[in-house]
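Number of protein chains: 4
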Amino acid sequence: MASDIRVTVWNEFRHEQKNEQIAGIYPNGIHGAIAAHLSACEGITAGVATLDEPEHGLSDDVLGATDVMTWWGHMAHGEVADEIVEKVHRRVLEGMGLIVLHSAHFSKIFRKLMGTTCQLKWREAGEREVLWVTRPGHPIVQGIDDHFVLEHTEMYGEHFDIPEPDETVLISNFAGGEVFRSGVTFRRGAGKVFYFRPGHETFGIYHDANILRVLENAVRWAAPTGSMRFGCDMREMGWWEA
Amino acid sequence: MASDIRVTVWNEFRHEQKNEQIAGIYPNGIHGAIAAHLSACEGITAGVATLDEPEHGLSDDVLGATDVMTWWGHMAHGEVADEIVEKVHRRVLEGMGLIVLHSAHFSKIFRKLMGTTCQLKWREAGEREVLWVTRPGHPIVQGIDDHFVLEHTEMYGEHFDIPEPDETVLISNFAGGEVFRSGVTFRRGAGKVFYFRPGHETFGIYHDANILRVLENAVRWAAPTGSMRFGCDMREMGWWEA
Amino acid sequence: MASDIRVTVWNEFRHEQKNEQIAGIYPNGIHGAIAAHLSACEGITAGVATLDEPEHGLSDDVLGATDVMTWWGHMAHGEVADEIVEKVHRRVLEGMGLIVLHSAHFSKIFRKLMGTTCQLKWREAGEREVLWVTRPGHPIVQGIDDHFVLEHTEMYGEHFDIPEPDETVLISNFAGGEVFRSGVTFRRGAGKVFYFRPGHETFGIYHDANILRVLENAVRWAAPTGSMRFGCDMREMGWWEA
Amino acid sequence: MASDIRVTVWNEFRHEQKNEQIAGIYPNGIHGAIAAHLSACEGITAGVATLDEPEHGLSDDVLGATDVMTWWGHMAHGEVADEIVEKVHRRVLEGMGLIVLHSAHFSKIFRKLMGTTCQLKWREAGEREVLWVTRPGHPIVQGIDDHFVLEHTEMYGEHFDIPEPDETVLISNFAGGEVFRSGVTFRRGAGKVFYFRPGHETFGIYHDANILRVLENAVRWAAPTGSMRFGCDMREMGWWEA
Numbered sequence: 001m002a003s004d005i006r007v008t009v010w011n012e013f014r015h016e017q018k019n020e021q022i023a024g025i026y027p028n029g030i031h032g033a034i035a036a037h038l039s040a041c042e043g044i045t046a047g048v049a050t051l052d053e054p055e056h057g058l059s060d061d062v063l064g065a066t067d068v069m070t071w072w073g074h075m076a077h078g079e080v081a082d083e084i085v086e087k088v089h090r091r092v093l094e095g096m097g098l099i100v101l102h103s104a105h106f107s108k109i110f111r112k113l114m115g116t117t118c119q120l121k122w123r124e125a126g127e128r129e130v131l132w133v134t135r136p137g138h139p140i141v142q143g144i145d146d147h148f149v150l151e152h153t154e155m156y157g158e159h160f161d162i163p164e165p166d167e168t169v170l171i172s173n174f175a176g177g178e179v180f181r182s183g184v185t186f187r188r189g190a191g192k193v194f195y196f197r198p199g200h201e202t203f204g205i206y207h208d209a210n211i212l213r214v215l216e217n218a219v220r221w222a223a224p225t226g227s228m229r230f231g232c233d234m235r236e237m238g239w240w241e242a
Numbered sequence: 001m002a003s004d005i006r007v008t009v010w011n012e013f014r015h016e017q018k019n020e021q022i023a024g025i026y027p028n029g030i031h032g033a034i035a036a037h038l039s040a041c042e043g044i045t046a047g048v049a050t051l052d053e054p055e056h057g058l059s060d061d062v063l064g065a066t067d068v069m070t071w072w073g074h075m076a077h078g079e080v081a082d083e084i085v086e087k088v089h090r091r092v093l094e095g096m097g098l099i100v101l102h103s104a105h106f107s108k109i110f111r112k113l114m115g116t117t118c119q120l121k122w123r124e125a126g127e128r129e130v131l132w133v134t135r136p137g138h139p140i141v142q143g144i145d146d147h148f149v150l151e152h153t154e155m156y157g158e159h160f161d162i163p164e165p166d167e168t169v170l171i172s173n174f175a176g177g178e179v180f181r182s183g184v185t186f187r188r189g190a191g192k193v194f195y196f197r198p199g200h201e202t203f204g205i206y207h208d209a210n211i212l213r214v215l216e217n218a219v220r221w222a223a224p225t226g227s228m229r230f231g232c233d234m235r236e237m238g239w240w241e242a
Numbered sequence: 001m002a003s004d005i006r007v008t009v010w011n012e013f014r015h016e017q018k019n020e021q022i023a024g025i026y027p028n029g030i031h032g033a034i035a036a037h038l039s040a041c042e043g044i045t046a047g048v049a050t051l052d053e054p055e056h057g058l059s060d061d062v063l064g065a066t067d068v069m070t071w072w073g074h075m076a077h078g079e080v081a082d083e084i085v086e087k088v089h090r091r092v093l094e095g096m097g098l099i100v101l102h103s104a105h106f107s108k109i110f111r112k113l114m115g116t117t118c119q120l121k122w123r124e125a126g127e128r129e130v131l132w133v134t135r136p137g138h139p140i141v142q143g144i145d146d147h148f149v150l151e152h153t154e155m156y157g158e159h160f161d162i163p164e165p166d167e168t169v170l171i172s173n174f175a176g177g178e179v180f181r182s183g184v185t186f187r188r189g190a191g192k193v194f195y196f197r198p199g200h201e202t203f204g205i206y207h208d209a210n211i212l213r214v215l216e217n218a219v220r221w222a223a224p225t226g227s228m229r230f231g232c233d234m235r236e237m238g239w240w241e242a
Numbered sequence: 001m002a003s004d005i006r007v008t009v010w011n012e013f014r015h016e017q018k019n020e021q022i023a024g025i026y027p028n029g030i031h032g033a034i035a036a037h038l039s040a041c042e043g044i045t046a047g048v049a050t051l052d053e054p055e056h057g058l059s060d061d062v063l064g065a066t067d068v069m070t071w072w073g074h075m076a077h078g079e080v081a082d083e084i085v086e087k088v089h090r091r092v093l094e095g096m097g098l099i100v101l102h103s104a105h106f107s108k109i110f111r112k113l114m115g116t117t118c119q120l121k122w123r124e125a126g127e128r129e130v131l132w133v134t135r136p137g138h139p140i141v142q143g144i145d146d147h148f149v150l151e152h153t154e155m156y157g158e159h160f161d162i163p164e165p166d167e168t169v170l171i172s173n174f175a176g177g178e179v180f181r182s183g184v185t186f187r188r189g190a191g192k193v194f195y196f197r198p199g200h201e202t203f204g205i206y207h208d209a210n211i212l213r214v215l216e217n218a219v220r221w222a223a224p225t226g227s228m229r230f231g232c233d234m235r236e237m238g239w240w241e242a
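First to last, the sequence lines map onto chains A, B, C and D. Counting from 1, one number per residue, gives the positions in the first sequence under this note's numbering. Counting from 1, one number per residue, gives the positions in the second sequence under this note's numbering. Counting from 1, one number per residue, gives the positions in the third sequence under this note's numbering. Counting from 1, one number per residue, gives the positions in the fourth sequence under this note's numbering.
Keep in mind that the hints are not guaranteed to be accurate.
You can't tell identical chains apart in this list, so a pair holds if it fits in one copy or across any two.
BS3-like cross-link-like pairs, simulated, lysine-lysine; straight-line CA separation at most 27 Å [claimed, not checked]:
#1 K112 <-> K87
#2 K121 <-> K87
#3 K121 <-> K18
None of these hints come from the bench; they were simulated from the model.
Work the whole structure out from these sequences, hints included.
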């Protein structure tokens with residue numbers, strides 16, 4: 001009866017084309033892996049969009065038909081056009097959910113939504129990460145135990161320069177001694193935003209059952225439950241430039 | 001496919017039996033009016049419980065089978081038995097949703113969950129209240145315009161002594177000059193708590209379409225999405241008394 | 001022993017030069033009135049800077065020597081140069097306090113820090129505003145009663161499109177029926193941000209004793225208590241552009 | 001010119017009397033060590049109070065003359081009289097700062113203020129803890145580097161059942177794989193509350209320079225900056241029992 005949640009899985013899609021090892025892990029790209037999983041979930045329909053398509057695959061039609069967007073980027077944040085970032089930003093404020101993955105903490109859209117540098121510490125040593133649930137009962141960790149483990153992963157460490165999150169859902173312990181707020185939520189306008197740390201391109205993270213469960217949960221949580229009006233009269237007053 | 005949300009509508013049920021005018025407004029009690037509305041909503045099944053029943057109608061069986069509880073009380077907060085309050089408290093921490101209505105800001109269960117006095121200013125003058133949505137897109141105000149009006153209502157004014165809410169969803173303007181945070185959410189353990197201000201017994205508030213819509217939305221929002229484990233070993237250590 | 005808090009009072013300074021009535025209210029500009037008051041407070045030294053000065057009066061030397069900045073703007077937000085906004089933004093993240101006044105809700109710097117539109121409703125009818133303290137004991141309302149009144153003011157109404165504030169300190173009631181979160185705090189990086197609603201250019205708001213007390217309190221509250229490091233290595237990786 | 005911050009260091013003071021090793025670490029008790037340090041800080045005067053004194057050392061006169069209280073307890077939470085807890089609770093709501101140390105997460109006063117179980121995981125293995133600053137610029141971590149280390153400590157692990165903190169200032173990594181929100185703030189009424197995790201009785205934590213710096217900072221941060229009125233008329237209405 002309720003219609004499907006329409007997801008657009010956005011990916012930079014560069015590593016997979018440049019690096020054979022990564023292409024081996026994600027033969028259809030990171031976006032392909034995520035979209036295939038989400039589309040197999042009941043009540044979710046997922047499409048994909050990538051950087052090198054026209055308008056990065058994010059035409060007005062695609063944006064207008066997207067309930068929740070997931071965003072993965074790493075080496076080419078600077079190539080994302082500002083006008084597309086503005087459009088995605090506006091859609092989030094209107095109510096579209098946004099799930100920001102891993103190195104997309106440095107994406108233009110996330111930094112624009114946060115208003116901070118979003119910088120962090122990192123180290124690529126394939127070390128062990130334990131993710132602890134700090135908010136049991138939150139829909140994003142439904143079906144997840146009190147913790148789960150990634151045996152080989154890139155380290156991200158605090159201080160993570162974000163505003164105080166609305167909700168801190170997951171915190172990671174790294175074998176090297178660091179900690180990180182790995183699952184945090186924010187509301188901006190009518191849109192729900194979830195940042196989810198794991199996802200390095202060389203470690204096959206998006207084949208992990210717990211990661212996929214969190215992604216599915218996050219999509220359901222981020223789906224719009226209403227919208228915000230934009231005050232067009234403000235534009236006429238010259239106060240407001242998009 | 002998903003099973004119904006099971007609601008228990010709890011009411012002190014004294015005013016309606018003592019005062020003919022109030023009995024005229026709520027012939028089946030405030031609980032009857034709320035439960036009738038909720039039961040008519042798709043996917044919700046509502047039962048009732050009242051103060052003067054054995055265990056206030058909240059036996060272990062009833063509590064265990066409740067997903068969301070609504071609580072209305074006013075003149076007899078002190079008559080609610082502490083052991084029942086403890087049980088309701090524990091169920092909230094385990095994941096049961098709790099919707100606290102109007103004068104139940106002073107109920108034992110709400111004060112226990114907040115850790116503050118929950119005091120406020122008030123005046124009973126039947127004045128005009130305008131409730132403004134401060135968080136468009138929140139599921140609790142789905143289908144509600146940017147504001148709605150109650151023509152005749154009791155005034156509640158700030159300072160409302162609660163912890164900083166997780167989310168402030170509605171703020172009221174009163175004709176006499178006061179303001180009030182009329183819709184606020186909190187998470188305690190795995191349970192979601194919503195305080196909703198309107199509901200004075202003499203003004204027929206629970207027949208208002210906007211009020212009923214917010215109640216239905218709040219029930220759906222507060223339904224459990226997971227649970228929290230209690231650490232029984234702590235009791236054995238003598239650290240913890242219920 | 002502790003050195004003075006160094007404040008820079010920034011003002012657009014256009015209304016005062018174009019409109020005789022406003023010039024009569026603020027013969028030295030809004031910045032002059034605010035700076036004169038703050039400089040008279042023990043332990044505070046205030047300078048001024050305005051839009052039409054070179055670099056808007058905000059050279060690197062001025063910025064580096066500023067502990068807390070206040071910002072008033074209204075008709076010329078678009079004329080503030082983006083590179084100056086970037087520098088102020090960086091100083092806030094490093095720890096500089098920022099007090100955003102009235103119509104500066106639409107300033108580039110505030111919108112950049114918030115990540116939202118910062119839009120609101122408004123009406124210029126000289127109506128009565130009652131500001132209620134919703135967080136007694138907060139340093140920003142030290143010495144302020146439980147409420148105070150502005151007899152003639154411009155109305156700002158919800159929904160105010162900001163992220164959920166860290167702290168809601170003041171909420172306004174307007175005679176026309178609206179409400180507004182008039183005093184709200186945010187932390188961004190190591191910097192403290194306070195938005196304070198009153199301050200329309202035609203109503204002499206900055207001569208009001210309660211307003212001036214809140215401004216002084218806010219300066220003391222926003223003074224730096226530490227700093228955040230910027231990770232310059234990220235720039236080398238090409239991840240980060242200022 | 002400003003008068004001293006008056007601190008009362010409260011301690012259960014049982015371990016130190018029962019265990020020679022602990023007495024060797026804290027010859028004047030944990031309270032003695034903390035009070036000696038705080039009293040040596042400029043602008044702070046610290047007294048002590050312990051469980052086995054009459055009224056646990058917390059007479060009305062002592063409470064009325066206390067700006068900030070620190071609370072350490074472990075094995076005898078249940079022996080603290082409820083009426084004293086009520087009085088301390090009321091003083092916090094009125095504006096007294098409260099710093100809750102280590103195993104006092106299970107104290108009656110902390111659980112009453114939180115409204116949750118405050119349960120957590122723990123293990124006593126003398127393992128390594130790294131505490132990371134997650135909110136640089138916060139007054140509580142002034143003078144603290146981006147992290148500090150305790151070589152031998154008791155482990156506390158998530159999930160820590162507290163409400164979403166107002167501010168998360170420190171998060172710990174434990175060598176065994178856990179994480180913990182080790183420094184978190186809450187406001188209740190006009191009072192500021194800081195929970196600070198380290199402090200096990202056998203590890204000499206309160207001789208560590210970083211720990212002592214955080215304690216001094218926390219005292220300055222928690223000092224009252226205003227107060228909240230109690231509405232005595234509510235008592236007359238029979239709504240409110242202390």
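Status of the hints after comparison with the structure:
Taking the shortest Cα distances, K112 and K87 sit within 27 Å of each other both inside one copy (12 Å) and across copies (16 Å). Taking CA atoms no more than 27 Å apart as the test, K121 paired with K87 passes between copies only; the shortest distance there is 23 Å, against 30 Å inside one copy. In this assembly of identical chains, the alpha carbons of K121 and K18 lie at most 27 Å apart only when taken from the same copy (25 Å versus 45 Å across copies).
Going through the hint list in order, the structure satisfies each hint without exception.
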